[in-house]
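Participant: Generate coordinates for the entire structure from the input sequences, incorporating the hints supplied.
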Amino acid sequence: MPTDSLPTLKLKPRLALHCRSDNRYLLEDVDDNKFFRLGTVEGRLVAGLLAGESFQAVATAIYQETGETIAPEVVSGLCEMLMTHGLIEGAQPTRRLRRANVLSLLTLPFYWKVPLLNPDKALVRIQPWVGWLHGAWCFWTVLAAFLGMALITLPQRDAFVGSVVTVFSASRWIWLAVAWFVLKVVHEFAHASTCRHYGGEVKQAGIAAILFVPLAYVNVNSSWRFASRWQRLHVTMAGVWAEFGVAAVALLVWHLSDQMLIRTMMADVVLMATTSSLLFNLNPLVKFDGYFALMDITGVDNLRDLAKRQTDYLFWRYFLGIAIPQPDDSKSTLHWIVWYGLLSWLYRISVSAGLIAGAAVLFGGAGMTIAIAGAFAFFVQPVWMVLARLVSLVVQRQVNALVLMLRCGLLGGLSFALTWLIPLHWTWTEPGVVEYDPPMILRATVSGVVDQVLVDSGQFVPKDAHVLTLSNPELELRRFELEKQFGLLQLDVASSRWQQDASELQNAETKLTALAEQIQIVRSQVDQLAVRASVAGRVVARNFQQWAGRYVDEGQELAAIGDERRKRIKLAVSQIRAEHASQWLGKPVAVFANGQHVCDALAQRMETSASNVASEPRLLAVNGGRLATVTNDQDQSTLIESRVNAFVQLSPDQAARLRCGQRVYVALGGTSESVGSWIWKQTQHAISAVHVAWSTAR
945 MPTDSLPTLK
955 LKPRLALHCR
965 SDNRYLLEDV
975 DDNKFFRLGT
985 VEGRLVAGLL
995 AGESFQAVAT
1005 AIYQETGETI
1015 APEVVSGLCE
1025 MLMTHGLIEG
1035 AQPTRRLRRA
1045 NVLSLLTLPF
1055 YWKVPLLNPD
1065 KALVRIQPWV
1075 GWLHGAWCFW
1085 TVLAAFLGMA
1095 LITLPQRDAF
1105 VGSVVTVFSA
1115 SRWIWLAVAW
1125 FVLKVVHEFA
1135 HASTCRHYGG
1145 EVKQAGIAAI
1155 LFVPLAYVNV
1165 NSSWRFASRW
1175 QRLHVTMAGV
1185 WAEFGVAAVA
1195 LLVWHLSDQM
1205 LIRTMMADVV
1215 LMATTSSLLF
1225 NLNPLVKFDG
1235 YFALMDITGV
1245 DNLRDLAKRQ
1255 TDYLFWRYFL
1265 GIAIPQPDDS
1275 KSTLHWIVWY
1285 GLLSWLYRIS
1295 VSAGLIAGAA
1305 VLFGGAGMTI
1315 AIAGAFAFFV
1325 QPVWMVLARL
1335 VSLVVQRQVN
1345 ALVLMLRCGL
1355 LGGLSFALTW
1365 LIPLHWTWTE
1375 PGVVEYDPPM
1385 ILRATVSGVV
1395 DQVLVDSGQF
1405 VPKDAHVLTL
1415 SNPELELRRF
1425 ELEKQFGLLQ
1435 LDVASSRWQQ
1445 DASELQNAET
1455 KLTALAEQIQ
1465 IVRSQVDQLA
1475 VRASVAGRVV
1485 ARNFQQWAGR
1495 YVDEGQELAA
1505 IGDERRKRIK
1515 LAVSQIRAEH
1525 ASQWLGKPVA
1535 VFANGQHVCD
1545 ALAQRMETSA
1555 SNVASEPRLL
1565 AVNGGRLATV
1575 TNDQDQSTLI
1585 ESRVNAFVQL
1595 SPDQAARLRC
1605 GQRVYVALGG
1615 TSESVGSWIW
1625 KQTQHAISAV
1635 HVAWSTAR
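When the letters of the sequence shown are read in order and numbered with the numbering used here, they come out as residues 945 to 1642.
It should be emphasised that the hints constitute simulated quantities derived from the structure, not laboratory data.
None of these values were measured; they are calculated from a predicted model.
Some hints could be false.
[As the list claims (entries may be wrong)] Straight-line C-alpha distance at most 25 Å; calculated DSS-like pairs for lysine-lysine:
#1 Lys1065 x Lys1147
#2 Lys1147 x Lys1057
#3 Lys1531 x Lys1455
#4 Lys1128 x Lys1057
#5 Lys954 x Lys978
#6 Lys1147 x Lys956
#7 Lys1455 x Lys1428
#8 Lys1252 x Lys1231
#9 Lys1057 x Lys978
#10 Lys1531 x Lys1514
#11 Lys954 x Lys1065
Facilitator: Take a look at the structure:
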């Protein structure tokens, strides 16, 4: 028989229970426009409460019909859910509910949402004009168009990647923010319009934010009433479908346009539309579109709670050896739910850690406060709850304290040992530029206007060959005046000797010596107006003849001259990854150019100091490279991450295949370290970043 200790509760008014065709229930809070999915047993219990019956009466009826007894944990879980969401009339908040409210305040900076309007009436008015968008033919046409444009773009992937590598440039943040806002509005409008098309209500729309990154949202939970699983799926996937449609149009414009600005803007739209959909909206491990789609596809309601109960059971039963009741749910026997729970748990840990680190680094002193609050809510409080429960079990003598300590110690030691024994091995690519070895930069030794350009780009010149001629009338006039003064001083010297005036003679000779030194310097500068090649080699410049008639400053770079058979690759290696230099220095590394593997060259050496100033402007994202920059208060561009210069030696045959100034990528790796070592280094780096942010804020 059912248990005699079931509670008696009274639900708040204006609650509606909807029974779907798949024998599942939907509880609607009419006043607050909230919906809650319930299983078959929970739905029958709530139906009895709404009819004025008690849990005991409903449990007895179910037992008489099916012979099954309702497990106490099912009732307690339902009661907790009803109380947590304020659905029980006159119920006082429990200690757990009060704690949840405090935690929600601590995590407010990490996620919040604000309702702004009720779009339902507007959606009803526009349905006659947009209804065709919800037809099956339109849905599949958009997906086919996106896949078709993606296949067409695949052969031109290098050109497309070249259009998006500048996405982190500060000069494009306004455009990216506008494009992101428009995409999210289109995404949420597709959800809302599709839901209204099938008869659902959309009474709430507003903005949300994840770590202050704005997002739009609409409440389409009324679609859970739909009897058709495919209608619910259509509503869930409509946002992603709309973004894919925008991406398809953007790809088409990217192919048709020949203007770099338009191609770059369209590539940004494609990148944001696809990455946000694939990494976030379709991710089933978080409560976005992918999660609700997975529930509808599998028919498992409240998947996250079910997976959590199952993983909690496994943790307490098999890891801690504490006998607790197994979740009484037929779906809990599905093995994939256990794996889903484990993956979801790991994903939440990694995302929470990332949000905490991001808050600490991005928001200075305030970020440290936010990070501490997040660390307490996401990590300290759950661990404290587990420890409190263990202490309670020990005090109640339900668990042997010594056995529990030994088990926890063994599990902790085994986990620690495994992290330091499991090896990691991976490779990564770093950007670089091909340059002559040694590089000889042709510079203007004095300032002036280029009068003649005597060679052209790509031309071979011998050593000391005359390359171009500068014109500097002021320098010529200066030489003439000094030579004139020199002649006058010579007359003064001769006059002093004739008059035998020793004092005047000494003074004139001193001035003459100093003036001769000045004349020598000026004559040297005049001679340097004829710029010559210091080494034999080929002139490398985009258009060397363009210098004709232009003014150049002293020291300004004009071109490069070098031997085509002697080249090297100058890499900009991440400071963190430079720590693994011993793993790849002195060994062959793969060189890629234009997306193709060109050769395997020898990693030669690496400099000892890092800098946030790019040594090669061609590697910057604003110039078509891969390194992102930010602009400081002095309007100077600096790298987001400090880089260390490294060099890869090319053989004569390899040098002949790569041109000087060409951007390439080099695959580095050979890293052999343990998971624990990697986690420790990443933790140290995160702590260092937080310390720098804190010091800067102070």
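Participant: Each of the hints needs a verdict: does it hold here or not?
Facilitator: Hint check results:
1. For the hint pairing Lys1065 with Lys1147, the CA-to-CA distance comes to about 9 Å; that is within 25 Å, so the pair holds.
2. Pair hint Lys1147 plus Lys1057 holds up; C-alpha atoms about 15 Å apart against a cutoff of 25 Å.
3. Simply put, Lys1531 and Lys1455 have alpha-carbon atoms about 63 Å apart, too far for the 25 Å limit, and the pair is violated.
4. For the hint pairing Lys1128 with Lys1057, the CA-to-CA distance comes to about 14 Å; that is within 25 Å, so the pair holds.
5. Between Lys954 and Lys978 the alpha-carbon distance is near 19 Å, which keeps this suggested pair within the 25 Å criterion.
6. The straight-line distance between the Cα atoms of Lys1147 and Lys956 is roughly 21 Å, inside the 25 Å bound, and the hint therefore holds.
7. Of the pairs offered as hints, the one joining Lys1455 and Lys1428 holds, with about 13 Å between alpha carbons and a cut-off of 25 Å not exceeded.
8. Pair hint Lys1252 plus Lys1231 holds up; C-alpha atoms about 14 Å apart against a cutoff of 25 Å.
9. With a C-alpha separation of about 15 Å, the suggested pair Lys1057 and Lys978 falls inside the 25 Å cut-off, and the hint holds.
10. For the hint pairing Lys1531 with Lys1514, the CA-to-CA distance comes to about 16 Å; that is within 25 Å, so the pair holds.
11. For the proposed pair Lys954 and Lys1065, the alpha carbon gap of about 34 Å is over 25 Å, so the pair is violated.
In this structure, the earlier hints numbered 3 and 11 are contradicted, and the remaining ones agree with it.
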